[in-house]
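Trainee: Given next are the chains, with one letter for each unit.
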Amino acid sequence: MAVEVVAHMPGTIAEILVNVGDKVQVDDELIILEAMKMENPICSAAAGTVKEIKVKEKDKVDTNQVLVILE
Amino acid sequence: MSEEEKKPRLSRTERLAAEREKNLAFWQAQDEILLKHRAEAYNIGGNEQVARLAKQGKKTMRELINMLIDPGTELYELGLDAGYDIGKKKLYGGEIYESEKRGHIPGGGVVTGVGTVMGRDCMIFANENRYAAGTYFPITLKKHMRAQAIAEQCELPCIYMADSGGINLPLQLGCFADDGHFGTMFYNMCRMSAKGIRQYTLSTGGNTAGGAYIVYLASESIMIEKMAYAFLAGPPMVKSAIGETVSPEDLGGAYVHTQHSGGCDHFVRSQEEGIAKLRAMMEFEPSNKLCIERRESREPKFDFSEMMRSTPVDTYQYINIKDTIKCLADDSYFHEYKPTYGPGRGDSVIAGKMWMKGIPVGVIASNASGVIYIDAARKATEWMIRCGNSKLPVLFLQGSPGYMVGKAEEWGGIGKYGSDMVRACTCLDTPKITYVIGPDHGAANYGMCGRAFKPRFAFTNMRGRTTVMSGETAGFIVETVRRKNIIDKGGVVNEEEMAQFRQMMRDRYDSEGHPFFTGSLLFHDGVVAFNEARNKIARGFELALRVPIKESIWGDLKV
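Read top to bottom, the protein sequences are chains P and L. Position 10, counted from 1, in the first sequence is what numbering that gives the first Met the number 0 calls 9; the numbers after and before it change by one each time, with no gaps. Position 164, counted from 1, in the second sequence is what numbering that gives the first Met the number 0 calls 163; the numbers after and before it change by one each time, with no gaps.
Wrong hints could be hidden among the right ones.
[Claimed, not checked] Looking from chain L toward chain P, a few residues come up when the C-beta cut is under 7 Å (computed):
id: 1; residue: Tyr315
id: 2; residue: Gln316
id: 3; residue: Pro338
id: 4; residue: Thr339
id: 5; residue: Gly343
id: 6; residue: Val370
id: 7; residue: Gly405
id: 8; residue: Ser469
[What the hints assert, rightly or not] Okay, derived cross-link-like pairs now, SDA-like style, lysine to any residue, Cα gap no bigger than 25 Å in a straight line:
id: 9; chain 1: P; residue 1: Lys57; chain 2: L; residue 2: Ala451
id: 10; chain 1: P; residue 1: Lys55; chain 2: L; residue 2: Gly405
id: 11; chain 1: P; residue 1: Lys36; chain 2: L; residue 2: Glu62
id: 12; chain 1: P; residue 1: Lys50; chain 2: P; residue 2: Ala1
[To be verified] If the Cβ cut is set under 10 Å, some of the chain L residues that face chain P in the computed set are:
id: 13; residue: Thr12
id: 14; residue: Ala367
id: 15; residue: Glu471
It is worth saying that the hints were derived from the structure and are not from the lab. Glycine included, C-beta positions come from ideal geometry on N, C-alpha and C.
With the hints as extra help, turn the sequences into a complete structure.
Mentor: Shown next, in the form of structure tokens:
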């Protein structure tokens, strides 16, 4: 089952910490989203494998935009 | 970065664990810097000034304070960070400080703090006579007024140890005529004594012109033979005005005012005798009250080093504030309000209560990014109202960069709910203490009880950064405006200049927000090290609770 990881606030992708194919656990940091002057870690809500990364560094994203798809 | 060069990825838990020791080492080093910073104020003027005072038979003010306060107690010092590199601050007369070669006044020219004398808490003021003859600079007056305001709020008797040349004349513009200047010192003495807050003065040096009023306006005052002088005009001015030749001792010495003019009440022969007299007078003061039910103090289960380990090095990184709270709270016990409300949005402010050294204390604390969303603002407002209604003092742990921006939040009413938070924090009429532990920007400074919202005490640690916004954002905004202006006028943007400008803004904000910079200007009452935080805050509440807690009246909330 695919799980979508979304941005919980609008901002800029500062850093992508995973690669496609990586195995991740619950609460692993996947992406650092820069917003409101803060570096906000976007964490995995489920265990799985990174299937797709939908953004690249410096991309601007909106609330609820899908960033990563896990499988 | 190529795939091979990428760092091995750690889980969040692993990364935080790996950073703990790094954090500890970093904050230990930062607090070392803080101690070195303080030493400059402690030793202002060096041995040379100590020797100069000794020649006049005088001890330093810090020695006198130690003789005055009860053995085994410490001065609860306030505003120690004032005056550092004040000339470079270009505020309150920076240029004149520089041109007079008085651009660096560690400690700000007066020592202020709460001491315990014969078991009674009192506010102590001592002119720093190792620097510029104890004269008052604008920053000295600001510090003086702040300590008097605290004394008035907490109804603490005041002890003035006076040895000052009065207003520093080249800087008179920032010292004399305005509200909050020299006259306010005397206004405050009169008002406080009218409220039954006793004012005691030990004159241990010159008190010329206006400065003499610090002797005359006291509830009771003491002068030291052949050391203390008080006159409206000193011998040279008397000579020039009326041609009279007179020695300082015969013009306004201790015997003149205690035997003839009656301007002073007690004659003593040495500083030691003066201190003993002050202590004797303090013994008549009512004993300390505590206007709250206090239970037995219990140590936290985690000490300050755990607080250091769990505090990220970077001011702009997530902090789990409950790790800080557990190091401050008795038994590390925290009762959280609405812990499950609005996950990810409601928990950027944590609300609750705890005991600190047996005193019940409400808590409003920035958490994670600290960015205040509608949910967090509403929760904070609700909790402040509950604390006010149950007459609970409140600790604000401020680490918020601001309220959440954007269309969704604006439409949802972030402005409205943010303003409710600001109003609640304003009208919350129980003792408040603010401790800045992270970013402190924008309206979050207001809602989290910044200086303008009159917390009884405002402290910061070395991680705090207080500016209207981050340097990054400020650079971006001003750059955008400049670009538009240039283009509107048909010009071409010079990218190199623009990049330099951006960097300049970033550097400027970074330096202006630093605790030493804000402390120099007295935007807070002191930088508090991690290992001092629990004592400093708990003692602050103790002092603030010397007076009964008032009813909070909330005003026109929008809700």
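Trainee: All the hints need checking, so say for each whether the structure fits it.
Mentor: These are the hints, each one checked on the structure:
Interface restraint check: tyrosine 315 of chain L against chain P, minimum CB-CB distance 5 Å, threshold 7 Å, status holds. The criterion of a C-beta within 7 Å of any C-beta in chain P is met by glutamine 316 of chain L, whose closest approach is roughly 6 Å, and the hint holds. Taking 7 Å as the C-beta cut-off, the interface hint given for proline 338 of chain L is violated, the closest approach to chain P being about 18 Å. Here the hint on threonine 339 of chain L is broken, as its CB sits about 17 Å from the closest CB of chain P, past 7 Å.
Below 7 Å, beta-carbon pairs count as interface contacts, and glycine 343 of chain L has one with chain P at about 5 Å; its hint therefore holds. With 7 Å as the threshold, the beta carbon of valine 370 of chain L comes within range of chain P, its nearest partner Cβ sitting at about 4 Å, so the hint holds. A cut of 7 Å between beta carbons decides the hint on glycine 405 of chain L: the least distance to chain P is about 6 Å, and the hint holds. A cut of 7 Å between beta carbons decides the hint on serine 469 of chain L: the least distance to chain P is about 4 Å, and the hint holds.
Restraint check for lysine 57 of chain P and alanine 451 of chain L: the C-alpha separation of about 37 Å exceeds 25 Å, so the hint is violated. Restraint check: the Cα-Cα separation between lysine 55 of chain P and glycine 405 of chain L comes to about 22 Å, which is no more than 25 Å; the hinted pair holds. With a CA separation close to 46 Å, the supplied pair lysine 36 of chain P and glutamate 62 of chain L exceeds the 25 Å bound. A distance of roughly 8 Å separates the Cα atoms of lysine 50 of chain P and alanine 1 of chain P; the hinted pair therefore holds under the 25 Å criterion.
About 7 Å separates the beta-carbon of threonine 12 of chain L from the nearest beta-carbon of chain P, less than 10 Å, and the hint is met. The beta carbon of alanine 367 of chain L comes within 8 Å of a beta carbon in chain P, closer than 10 Å, and the hint placing it at the interface holds. Checking glutamate 471 of chain L against chain P by beta carbon gives a least distance of about 6 Å; that is within 10 Å, so the hint holds.
Of the numbered hints given earlier, the model fails hints 3, 4, 9, 11; all others are met.
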